[in-house]
Amino acid sequence: MKSFLKYREIWLLAGILVLIGLISTRFPGFADPANLRQVFNDTSILMILALGQMVVILTRSIDLSMASNLCFTGMVVAMLNAAHPAIPIPALIVIALAVGLMLGAINGFLVWRLNIPSIVVTLGTLTIYRGATFVVSGGAWVNADQMSPDFINFQRAAFLGLPVLSWIAIIVIALFFLVMTRTQIGRSIHAIGVNPTASVYAGIDVGRTKFIVFCISGMIGGLAGYLWISRYVIASVEVANGYELNIIAACVIGGISIAGGIGSVGGAVLGALFLGIISNALPVINISPFWQMAISGSAIILAVVLNARGERRQGRIILRKAEAA
Amino acid sequence: MSRRIFKRTFSGPDTDMDTTAQRKAGIERPEPSGSSQSASPRLTLSGISKSFPGVRALHNVSLSLYPGQVTALIGENGAGKSTLVKIMTGIYQPDSGEIGIDGVATALPSAHAAFGHGITAIHQETVLFDDLSVAENIFLGHAPRTRFGTIDWRTMRKDAREVLETMRAGHIDADARLKDLGIANKHLVAVARAMSIDARIVIMDEPTAALSMKEIEELFLLIEFLKSEGKAVLFISHKFDEIYRIADRYTVFRDGEMVGEGLLKDTGQNEIVRMMVGRNVDHIFPRRDPKIGAPVLSVSGLSHPTEFDDIGFELRKGEILGFYGLVGAGRSEVMQAIAGITRTSRGAISLDGRTIAPKSAADSIEAGIVYVPEERGKQGVVIGMPIFQNVSLPSLARTSKSGVLRLAEEFSLARSYTERLDLRASSLSQDVGTLSGGNQQKVVIAKWLATTPKVIILDEPTKGIDIGSKAAVHGFMAELVEQGLSVIMVSSELPEILGMSDRVVVMREGRVAATYDNEGLDAETLVRTAAGIAA
Amino acid sequence: MTDTPAPRRIPDRLDKPLSSAIFSWEALLVVIAVLIFAVNSFASPYFLDPWSLSDLTFNFTEKGLIALAMALLIISGEIDLSVAAIVALASTMMGMAVQAGAGTPVLGLIGIAVGLGCGAFNGLLVTRLGLPSIVVTIGTMSLFRGIAFIILGDQAYKGYPQSFAFFGQGYVWWVFSFELALFLVAALIYWFVLHRTSFGRRVFAIGNNPVACQFSGVRVARIKFILFCLTGLMSGIASVLITSRLGSTRPSIAQGYELEAITMVVLGGVSILGGAGSILGVVLAAFIMGLVTFGLGLLNVPGIVMSIFIGLLLIIVIALPIVWRRLREGRFA
Chain A
93 MKSFLKYREI WLLAGILVLI GLISTRFPGF ADPANLRQVF NDTSILMILA
143 LGQMVVILTR SIDLSMASNL CFTGMVVAML NAAHPAIPIP ALIVIALAVG
193 LMLGAINGFL VWRLNIPSIV VTLGTLTIYR GATFVVSGGA WVNADQMSPD
243 FINFQRAAFL GLPVLSWIAI IVIALFFLVM TRTQIGRSIH AIGVNPTASV
293 YAGIDVGRTK FIVFCISGMI GGLAGYLWIS RYVIASVEVA NGYELNIIAA
343 CVIGGISIAG GIGSVGGAVL GALFLGIISN ALPVINISPF WQMAISGSAI
393 ILAVVLNARG ERRQGRIILR KAEAA
Chain B
0 MSRRIFKRTF SGPDTDMDTT AQRKAGIERP EPSGSSQSAS PRLTLSGISK
50 SFPGVRALHN VSLSLYPGQV TALIGENGAG KSTLVKIMTG IYQPDSGEIG
100 IDGVATALPS AHAAFGHGIT AIHQETVLFD DLSVAENIFL GHAPRTRFGT
150 IDWRTMRKDA REVLETMRAG HIDADARLKD LGIANKHLVA VARAMSIDAR
200 IVIMDEPTAA LSMKEIEELF LLIEFLKSEG KAVLFISHKF DEIYRIADRY
250 TVFRDGEMVG EGLLKDTGQN EIVRMMVGRN VDHIFPRRDP KIGAPVLSVS
300 GLSHPTEFDD IGFELRKGEI LGFYGLVGAG RSEVMQAIAG ITRTSRGAIS
350 LDGRTIAPKS AADSIEAGIV YVPEERGKQG VVIGMPIFQN VSLPSLARTS
400 KSGVLRLAEE FSLARSYTER LDLRASSLSQ DVGTLSGGNQ QKVVIAKWLA
450 TTPKVIILDE PTKGIDIGSK AAVHGFMAEL VEQGLSVIMV SSELPEILGM
500 SDRVVVMREG RVAATYDNEG LDAETLVRTA AGIAA
Chain C
0 MTDTPAPRRI PDRLDKPLSS AIFSWEALLV VIAVLIFAVN SFASPYFLDP
50 WSLSDLTFNF TEKGLIALAM ALLIISGEID LSVAAIVALA STMMGMAVQA
100 GAGTPVLGLI GIAVGLGCGA FNGLLVTRLG LPSIVVTIGT MSLFRGIAFI
150 ILGDQAYKGY PQSFAFFGQG YVWWVFSFEL ALFLVAALIY WFVLHRTSFG
200 RRVFAIGNNP VACQFSGVRV ARIKFILFCL TGLMSGIASV LITSRLGSTR
250 PSIAQGYELE AITMVVLGGV SILGGAGSIL GVVLAAFIMG LVTFGLGLLN
300 VPGIVMSIFI GLLLIIVIAL PIVWRRLREG RFA
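Protein chains in written order, with the numbering used here: chain A, 93 to 417; chain B, 0 to 534; chain C, 0 to 332.
A few of these clues could be false.
[What the hints assert, rightly or not] Here are the in silico distance ranges between beta carbons for each label pair:
1) C:W50 / B:R405: 43 to 51 Å
2) C:A180 / A:P381: 36 to 44 Å
3) A:G231 / C:A26: 35 to 43 Å
4) B:S61 / C:L326: 51 to 59 Å
5) C:A180 / A:E330: 35 to 43 Å
6) A:L398 / B:D197: 42 to 50 Å
7) B:D197 / C:R12: 49 to 57 Å
8) B:R419 / C:S53: 29 to 37 Å
9) A:A178 / C:A42: 39 to 47 Å
10) C:P320 / B:R144: 39 to 47 Å
If you are wondering where the hints come from, they were derived from the structure by calculation, not from laboratory data. Note that the Cβ used here is the ideal one computed from N, Cα and C, for glycine as well.
Isolated chain A, as found in the complex (with noise of 0.2 Å):
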């Protein structure tokens, strides 16, 4: 299994390093350690988002709120910030994880109990939560003079050569790998993806895992919605729009199969950090970012093809021997 997992991802990693090779050729500074270390923190956040949605696709569900669960808890965030400076930080990312995990709850819950396709719920809520951030703000913006220093300052501020923002990313990678493969809700998950039925006679418990794995997400988002709203200093109801989709196509990138069951830590990451190569990659070839969108795309189109190529199943190998005895 463990090999099997490694093989996919090194050639995703082949491929980023090709990539960064190739851009440097043109442009030596990119490949630069500060350069680099860089690009990994522009990409944090989306890495966490990555591996936020990952274990909601291994369950053979998908999770299209993530995005406006940002909004969400990032505005509320940023407004507890602005009225009540004083609040500790850590207290605010506390926070934001609480209001992420209700918000992820309810799409739980609906998925857990009343059995509604998770496509359904999360396009329901994807429209709901960003309309919630509007009536909580009442449209209004939070900008950087709001803020206190401390709100945007901390996840930039230095530790052992990275930045804070670096380091949470970090942390969260090592505690889903953790997860993941030592423990057992890690593996009930993935089993659920592999095959619910089984799941089902081995006594796991698919509805619960589910909305354990929703409630997962909605942290995630809700994170994320701190770190957002602290890095790019705006909270509006604009904010992330859209994003839903980069997270998927980082998963689907990283080798993360829509089908449920195959996917890993590794590649959710991987899959991440190729498209903020990308993006980060542009303004330095001049390549105006209007492209960007294109270029993500057709790397979706592609990475969906090779995926399908490495699953593809063998025909009944008869000729060769008799069955494995």
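Assemble the complex: chain A is given as a structure, and chains B and C must be docked to it using the hints.
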């Protein structure tokens, strides 16, 4: 869970197990297998009833399983066996009745709970996880943990190897992906899973369905081992020879009720069949007077890169040509190629003297060759659609007028063919998914007959269906050839091959091994040819 | 069976058609539509005016055209998230053609052709390469709109000929706009195709069990390809109407239309998993969504809050029958 379990081997139980483990395993002392002593039952179901909207699946049913003994559960399709299994494994809750484990009334509100009581099931199609490793499949849900509560992979893989060793299945690689194993090995992994939780009640639902002779023998050895370990085994099967070999007791279900039980050594096969069917069944193979004509289908040199090579045979008009072989010999693959569903790399097919090269099922249907697939649920019926729409599906061009549906035509088509096949259903607009297996097969056959083919290929036509429907299908096949159709019948059931075919083609490992006239042909010859054993 | 009894007479149908009609999804939608209509009439004095009602139709006709084709696609078990992007690309192409001096008929043809071409592209990727439609169309969604952005950047094309405005702004008779007429005609055609032809029957069958259909001689790949082409075609037609109504082209045109179209389809009773649904339901759902957005618009509710209502509507209407059934079963358990 005591890890000492894995020290036991086939040679006998470990006599220095501590008393806790003994109690957990539920045995006082090792019991000799095959004995029918009056040990108290490990599992009792009494007065169990279960209904679904419109269907009464089980009514006041009782069943007992005894430690160290195998009980066979026998019944036609739709008799309620799988519903009962689902109740025993906690998937369904009974509407009424009691479940007792070791004499104590127990509830099984979930699969998890049943698992906790040591009840496991091995299903016909193994319900495991293809993309996970063997070790993980064995220990899913109860993996060994480290001090911190996380999964201990090393111990898990070690324990998996141990379990497989005790079952004499050490050749299976614990790290291999389940997807890469053959079905026999997948069954072994399922049994290993049962062993790993020290299952006390093991349910086997048609476990030999996809196994070769050799693998069936090995499975029986395994069942003997389970018996010697004091486990209570429920063995569900249609095959009387297997039942009489491995089981001690039997219970017969019919139409959701328990109609008989007892010891196999005291009961004859005919009596059991009578209980199953409610009447005497003497012949299930119709008497025939074949009028065989000129070849209607000729195949030569048909080859596929990986599935079969150089296949050649002839089908004559009015003939039933049997295709026998071990599972995995390539018969279905050849038929699917003739039916246009898969591509061939070379070779020729000709129908009535004309060469045809079907590139899709639609092509071969047009030419007059139809293929009734093996997997009824997945490939045969469209569940969710009414019976009449299923029957008319390949014939829509005929029943419609310039693309516009004509329901009256469809209904009349469906009516005539389903009546010929004696279909049991409340209305033609009923969802085909609510029918029993045997009746679904009738719908499938009706669908294909409605296309008025010249050649009909039946792939395992009576697999997993009850005796009554089996007889109906066979009778029908005889009628078809009398009317001038030609039939190819792929089957793995020797009585069916010998009872129905005019000639038999035997395939082995993707090639035609021999072609026989069904004149004094015996089962031994067929099996030897199929397995490649010299006479 | 030892002796054969007389063949059983199996009736064609058992249901009383009336009872199944009353408890159907479409009936529920009619009730909801009537309710919302009533609420709207009370909430705003401007509502019950023929011209006002005519304006209402513009809220759902364009998306409704897309929803008609999307319904068939979803019934067959696939999905197309790139429809809005196809609208954008088709519009951009029409804008380019205008710059080159093309006249109204040519513009219309270009819009439709681009739509068809994009749909065929999707169809090839899904049917020839066997790729899952949800991710493929997420990719083409970015690709198509991306191309529109490459061509136009943040500019806009204007300068459409006067006659072109008829498609999106013209009326065929009294208050009935061209868009409404086109939508109703299209709905009729789609209803006939889905519910009365063998093509439509095969679409349902494929949505229920594509493998069995393959074995039964149904040309699954060809039918799915046609459905993708149709979706592209309808998006192209919608693009002509939208561009004509707005009188200009921007690459950001029709943002979010794909989700609205899917909402119409699901609200209309089509199962997202495929195999079931009706055109009548989709038309009713389109009408309901138009009612809601127009009514709220009259009350000056901002667009983004409107979408809360649409999201809530979707979830509540889907959840309603499930909750009802649970309550009934709970009562008699």
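Quick rundown of the hints versus the structure:
{"no.": "1", "hint": "C:W50 / B:R405: 43 to 51 Å", "verdict": "holds (44 Å)"}
{"no.": "2", "hint": "C:A180 / A:P381: 36 to 44 Å", "verdict": "holds (41 Å)"}
{"no.": "3", "hint": "A:G231 / C:A26: 35 to 43 Å", "verdict": "holds (39 Å)"}
{"no.": "4", "hint": "B:S61 / C:L326: 51 to 59 Å", "verdict": "violated (35 Å)"}
{"no.": "5", "hint": "C:A180 / A:E330: 35 to 43 Å", "verdict": "holds (36 Å)"}
{"no.": "6", "hint": "A:L398 / B:D197: 42 to 50 Å", "verdict": "holds (45 Å)"}
{"no.": "7", "hint": "B:D197 / C:R12: 49 to 57 Å", "verdict": "holds (54 Å)"}
{"no.": "8", "hint": "B:R419 / C:S53: 29 to 37 Å", "verdict": "violated (58 Å)"}
{"no.": "9", "hint": "A:A178 / C:A42: 39 to 47 Å", "verdict": "holds (44 Å)"}
{"no.": "10", "hint": "C:P320 / B:R144: 39 to 47 Å", "verdict": "holds (43 Å)"}
In the structure shown, a violation is registered for the earlier hints numbered 4 and 8, in ascending order.
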